[in-house]
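J.: Here are the chains, one letter per residue:
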Amino acid sequence: MTANTMAGRPNKRRIRKGRVALHAFLITMSIVWLWPLAWAFLTALRPLSDTIKNGSWSWPTTLNLNNFINGFQQANLGYYYLNTLIVVVPAVLITLLIASLVAFALTRVRSRVNLFLLLMFTAGNLLPPQVIIVPVYYIFNWLQLPTAIADNGRLYDQYIGIILIHVVFQMGFCIFVLSNYMRTLPKELNEAALVDGASLFRTFRSIILPLCTPALAALGTLEFTFIYNDFFWALLLMKTGSKRPITSALNNLQGQFFTDQNVLAAVALMVAVPTIIVYIALQRHFIRGLTLGSTKG
Amino acid sequence: MPDPQVLSLAPAPAPTGAGVVVSGPPKKKRRYSILTRRDKIVLLIIVGIPVVLDIVFIWGPTVASILFSFTNWQGYGGITAQNVVGLQNYTFLFTQYTLFWPALSHNLLWLAFFVFIASPIGIFFAVLLDREIRGSRFYQNIFYFPVVLSLAVVGIIWELQYAPDGFIDSALGLTKQTNAIDWLGNPSLNIWAVLVAASWRHVGYIMVLYLAGLKSVDPTLREAAAIDGASDIQTFFRVIFPVMAPINVVIVVVTVIESLRAFDLAYIINQGTNGLELLSILITNNSISEASLVGRGSAIAVILLVISLVPITLYLTRVMRSTGE
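Protein chains in written order, with my numbering: chain U, 4 to 300; chain E, 249 to 573.
I should point out that these hints are in silico values taken from the structure, not numbers from a laboratory.
Ideal Cβ placement from N, Cα and C applies to all residues, glycine included.
The reader is advised that the hints may include incorrect statements.
Said to hold, decoys possible - Derived coverage of chain E by chain U (criterion: at least 3 residues anywhere in the stretch with Cβ under 8 Å from a Cβ of chain U; other residues may be distant): (1) 325-337; (2) 351-359; (3) 393-401; (4) 409-423.
Bound-form chain E, shown alone (with noise of 0.2 Å):
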């Protein structure tokens, strides 16, 4: 997944790694009723162990996430009925917590960024590289290049451009004595500057994922579409955009999942301070880093989980309506 990338299509990789699937071709129901009572306990075990693995790691925490949010636990010592607090964590946050409100504008920032911009480059490139033109493979390779690179690593390298004695500012004719721009130590210009490295690579992962998808469309509809008259234009946007729908609900889930998953690139170059504010770093630094107001953190966390849950069910449902019976 991760990724996205799912998984990001797996998802970021995930990127980071979310991973998206889409499911094969419907497929008729049939029981191997002839299977031994040893092979039923083989099967138990071999799914049993990976199941309880995901509860034990992954769905208890999620529900432990919203009951700690309730509480003013602070990480030692037992739970007890003095440690809930109701909703006081949320008014808190909503009111009072001064990071909290840039942070999550700027993940919606981030998310509108992605949709609106990175990602229809992406699928901008994947259409013209498509075509039978010479060299698409050698444009592709260069395009989906930082794909490979960890988000850390990308960090390092687009801090060198941004350097106030870096290429950008050199490149403008600014110097450090007169009147550099410090891109990334200015709280209102950061943001920016990040999100255009983290299109970087965005871009090249949504080229990728569009690419495949177009290889799938059958060739007819677009010869139909030429004999018709239709503009280069007029055949995307009328009948390649919407037999993509399938593939269009993938982009959509991983732009959405890896926006909210943002974390390392502003961590690598600020720690998330100073403008780069996001949901995902307030709940490592208020619960684990810097200080360990459990119940806090996990508030911010429940934020998030509420976010995110609208592109996993998104996604679920397409997996349901395409896997299921």
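In isolation and in its complexed conformation, chain U is listed as follows (with noise of 0.2 Å):
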């Protein structure tokens, strides 16, 4: 009994040691992985003149939100932010329709075509989506629309070609996880609303949809982000620079605010708002949507 206590001590102090090492890294690391923001909020906040004046590296004289004012104004970020809107909403509502009802409808498939299909929608989600562009510019070129739908008659430099194209390229993935996720529901579910002679399309409405927000949610949230974050696809299939979403359209007002990097600054972490706001007000979907995929359900 004295002996065990007597060897457990250094033992003890030993862990305790080796905690506060461990704190002592992970402090040091979130300090650095805290500060470039960090550092581009604090040149936001201070004016060009004092930075020119005493160097970056220097302790600040004035600190105010002129930038982010003149910033937002003279980017006209407002408009940038409706264009983003406009393509953000119905790409993630559509996607999640698309992707909930086929996951639905393949749960009602023959296995095989089931795997097929699975593997083709995933695959297609994984390609780098550089190796379609070349294509895919072509054909929003080519494919004629009424002018009703595209005032240019085309999908190219389109609101509704750039949602079309995240449609196209999200839905795999989240056709994935949706069915992988139905089918953790209880069978008994489908046979009691076919027993109770549900229609296929009530069964989905009334109880397979519901048993899914969670799912949803978080597919909801990852899927805002990602297409909000998204500049490779804007850039090449929206050629009018106002009409981009404000994601692509930094890489224009990179160029506008060249001799000012601190209202280039503020705008840069003005239009990361809204995915600041997902950081912390959704985190839990958020972290959700990107393990349901990699884990089960």
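From the two separate chains plus the hints, produce the assembled complex.
T.: Spelled out as structure tokens, the structure:
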């Protein structure tokens, strides 16, 4: 007994020492991780004149929100937020709607067909978008649309084209996640609905869909962030700079504020605001969305 | 996805968004032959529309990229037999196109950096934070914060660090007037600077994925290892890492796909020139933005496709094994 406690003591001390080292390491890494963001924020709060006069590595003499206010007005950010809204909201809703319908239908299809379709959708989502961009660009220019849908009669340079490519590219992932999720629901639910004489659509709408709310919330949050953060598609498929969603617009805005890094920092941080809101308010869903794909349910 | 993202798990994100998915538990075969004729038609339409979209906008273009790569088509007029040039685009890339080898090597460097440095750091953070330590949640929140940011924003944030009068040079005591290092302007340094910025985001992504995997590890395995007197390091490499095999595959796939998709960061910094050439950027520059050499851009796209088929096949085999009968 005594021997035991004696032997236990140094061990305990070693563990405590290890803990201190662990926290010291984690705190250092946390500072390293936060630093670029803190620096961007600090830069955005300082007037350019202050940075030029004293160098960027100096104690700031003035801190104010002028760069944010000026940046917002000069860059016309409100307008670009609106462009993004026009793309993101329909894209996320349509993706989720299609994905949940397909996932539901696939649970009713013979398993071999089911597997083949799942592989097709998933593989499509894994391809680097650059592999298909050239033909997609030409298809977008070739396909004729009624001018009621697209004012230039094409998918190219149109919101509808950007929405479409997001839906097509993202649905594969959502179908896969939702079909796995639906497979974990008890089969008896479907059978009970059938016995009660519910139609296929009713079973979907009143029984399956409500049970998928957690998965839909997670996927919705994740897809919002993905599509909001898209730079590539809108850069190449939306020619008119003023019609681009905000993330792609950053490319031009960067040129506009070439001479004033402080305003550019403020603009970049403002562009990040919606995703920061996701980080703060919808963190649980976002993480669940990220991991839903990689682990079971 | 599509992160990874995918899908980078979803996939960067993927990010972008790639999404990588692991299937649920094995299911029993069950058929509902009670479906009415109308039900069957409804099902066909529901599944048919997305399948058509997938073929028209993803698989069709993939095949088209392959076909274009054997032509010298320039984007207008029809494609006739005279446009077919065989392997000419490929030989041009390999022997004369000065940007091709730098771009390919940058992509491979990106891949190696992510596989050997960024992802292992993410895994390391996950393993450290999986233990019951005070503030684990707090640290996790900090490390994963950059994951929600777009790569365009990440690029601008890091430009402020790397600028000749930015933080890094200032902290090193280098000034613009004397001997500042132009981290992003120096063609032999900038790819490394960009890789650090890209890793800032990638590490958190991998950490989140790995943490989720670690949570699902049977705790009795750890207890058994502890009783057998295994050290933490032994427990991880001999016990935890092997049972994490499914997640490890996901991590590899996400990491590879994310590196092949690299585009935004290099583009926002200098349009992918002067040391930041990447296959993805050469494709768009040759065929869309700067010239309309559809054949040449497509040949580069095919090379990117061939490389990405490796992780995609790896992933699909895994999906088949866990979903299949």
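J.: So which of the earlier hints does this model not fit?
T.: The structure conflicts with hints 1, 2, although it agrees with all the remaining ones.
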